[in-house]
Amino acid sequence: MEPVLDAVRQLAGEKPSFISVTYGAGGGANANTVSLAEHVQKTCSVPALAHLTCLTSSREKIAAEIQSLRKAGIENILCLRGDDPDGGTAPGERDFSYAADLVRSLRPSNFCLGGACYPECHPECEHIESDIEPLKIKVDAGLDFLTTQMF
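Here the sequence shown is numbered in the numbering used here, starting from 648 and rising by one per residue.
Check before you lean on any hint, since a few could be wrong.
Straight-line Cα separation of at most 20 Å, DMTMM-like style, residue types lysine to aspartate or glutamate; simulated pairs [said to hold, decoys possible]:
hint : residue 1 : residue 2
1    : K718      : D730
2    : K689      : E712
3    : K689      : D653
4    : K708      : D730
Hint data in this document are derived by calculation from the structure and do not stem from the laboratory. Bear in mind that the values here come from a model prediction, so they are computed numbers and not experimental data.
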């Protein structure tokens, strides 16, 4: 984890508006996300944007993650569906099928919620014209902001 912490310290020295912390930061599934986001905010004095994926998570797991993020003082969450490791469990068989489901679940929590958008179309969408509706659903679910790829 030390190379990751060193990179974060170097980034923080550039005084960014925030540092985005991926779900699975440092290669530890989701285990390091909260601790690294807390390090970003408390040690480096930069607001953290913690990613949270929902496709393979239960409502109970998301609630535990939210509690950990709140305890760490994290205020910003990037709500993501995440990749499907099973390659196609049908929507409805999980607690969360889409990022919009996560947004709806978290909206009452008073976090600042962000979502992903794809200016060149989501990779799973056939046409850019049909890509707007899922984006609108996420925004209407209660997002505070949208972001494209981080880099």
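### Query
Can you name, in rising order, the numbers of the hints this structure does not satisfy?
1
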